[in-house]
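The numbering of the sequence shown is the numbering used here, which starts it at 8 and goes up by one.
It is worth saying that the hints were derived from the structure and are not from the lab.
One or more hints might be untrue.
Straight-line alpha carbon distances no greater than 20 Å define the calculated SDA-like cross-link-like pairs of lysine to any residue that follow [stated by the list, open to error]:
hint	residue 1	residue 2
1	K161	S40
2	K161	G111
3	K161	I151
4	K161	A149
5	K161	G48
6	K161	P39
7	K161	G64
8	K161	A98
9	K161	N50
10	K161	T108
11	K161	L52
12	K161	D41
13	K161	G34
14	K161	S145
15	K161	I38
Listed next, with one range per pair, are the computed distances between beta-carbon atoms [to be verified]:
hint	residue 1	residue 2	range
16	L142	A105	19 to 25 Å
17	G34	T109	30 to 36 Å
18	L142	M100	41 to 47 Å
19	W157	T73	29 to 35 Å
20	W69	R134	21 to 27 Å
21	A164	G133	26 to 32 Å
22	T108	V36	37 to 43 Å
23	P154	A104	48 to 54 Å
Remember, predicted model here, so these are calculated numbers, not experimental data.
Think of the CB as a built atom: it goes at the ideal place given N, C-alpha and C, for glycine as much as any other residue.
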Amino acid sequence: MARDPARIRQAWLACGVLVLAGVLAAGAVGIPSDAGYAGVGPNFLPWLVSAVLAICGLCMLWEVRTGGFRGMVPPDSDQPMYVPGFVWLSAGMLLNAALLTTIGFILSCTLCYVFAVRGLRDAEGGRDNSVRRWLIDSLTGAAIAAPVYWMFTKLLAINLPGLTATGWL
8 MARDPARIRQ
18 AWLACGVLVL
28 AGVLAAGAVG
38 IPSDAGYAGV
48 GPNFLPWLVS
58 AVLAICGLCM
68 LWEVRTGGFR
78 GMVPPDSDQP
88 MYVPGFVWLS
98 AGMLLNAALL
108 TTIGFILSCT
118 LCYVFAVRGL
128 RDAEGGRDNS
138 VRRWLIDSLT
148 GAAIAAPVYW
158 MFTKLLAINL
168 PGLTATGWL
């Protein structure tokens, strides 16, 4: 019986998800488990994410063993990868990691959001580079990042890098 190259790639992808789950679980071991305000420690979320990733990886392996990823649209080989969108997304994530401790969680995540949206919008063909669009994207990113920051710092008592010592920015 001939080996199907698509199913081999799918199996490698599933194994990669399982390895990622293992790496996250190994990282979660080093995080203290002292319960915070809500009775949940700072290691809860990494353990939860690693468990969900492990379940997804196992489900993906099951799909591969029982016929491959069903309902998957075959790739369109005539259309090349959209490199500018990839660059925008990558730059956003790298800048977020590089500036997190310098400009704080909210601003660095807002910047990451703005860059990611720009890359995705460009990939779809929407080339709106107006100041209004950049401002809307920035405000939307801040509206997403700020409540996440406040939830972690105020509700779960997990210290994230902030811009000020007050804990609100």
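Exercise. Given a hinted range of 30 to 36 Å, is it respected by the beta-carbon distance of G34 and T109?
Worked result: 23 Å, violated
Exercise. Taking the beta carbons of L142 and A105, is their distance inside 19 to 25 Å?
Worked result: 24 Å, holds
For this session: Assess, step by step, whether the Cα of K161 is no farther than 20 Å from the Cα of L52, and give holds or violated.
Result: 16 Å, holds
For this session: With respect to the beta-carbon atoms only, verify the hint that L142 and M100 lie 41 to 47 Å apart.
Result: 22 Å, violated
Problem set entry | Agreement of K161 and G64 with the hint, judged by alpha carbon distance not exceeding 20 Å | Violated: K161 and G64 sit about 33 Å apart, past 20 Å.
Exercise. Could one say that the CB atoms of W157 and T73 fall in the range 29 to 35 Å?
Worked result: 44 Å, violated
For this session: Given the hint that K161 pairs with T108, test it: the Cα-Cα distance must not exceed 20 Å.
Result: Distance ~18 Å between K161 and T108 Cα, so the pair holds.
Exercise. For the pair P154 and A104, does the Cβ-Cβ distance stay inside 48 to 54 Å?
Worked result: 21 Å, violated
For this session: Below or equal to 20 Å on CA atoms is what counts here, so check K161 against N50.
Result: Between K161 and N50 the Cα gap is close to 16 Å, so the pair holds against 20 Å.
Problem set entry | Restraint check for K161 with G48, where alpha carbons must lie at most 20 Å apart | 13 Å, holds
For this session: Verify the proposed pairing of K161 with I151, using a straight-line Cα cut of 20 Å.
Result: Holds: K161 and I151 sit about 16 Å apart, inside 20 Å.
Problem set entry | Whether the CB-CB distance between W69 and R134 falls inside 21 to 27 Å | 42 Å, violated
Checked against the numbered hints listed earlier, the structure breaks hints 7, 8, 13, 14, 17, 18, 19, 20, 21, 22 and 23; every other hint is satisfied.
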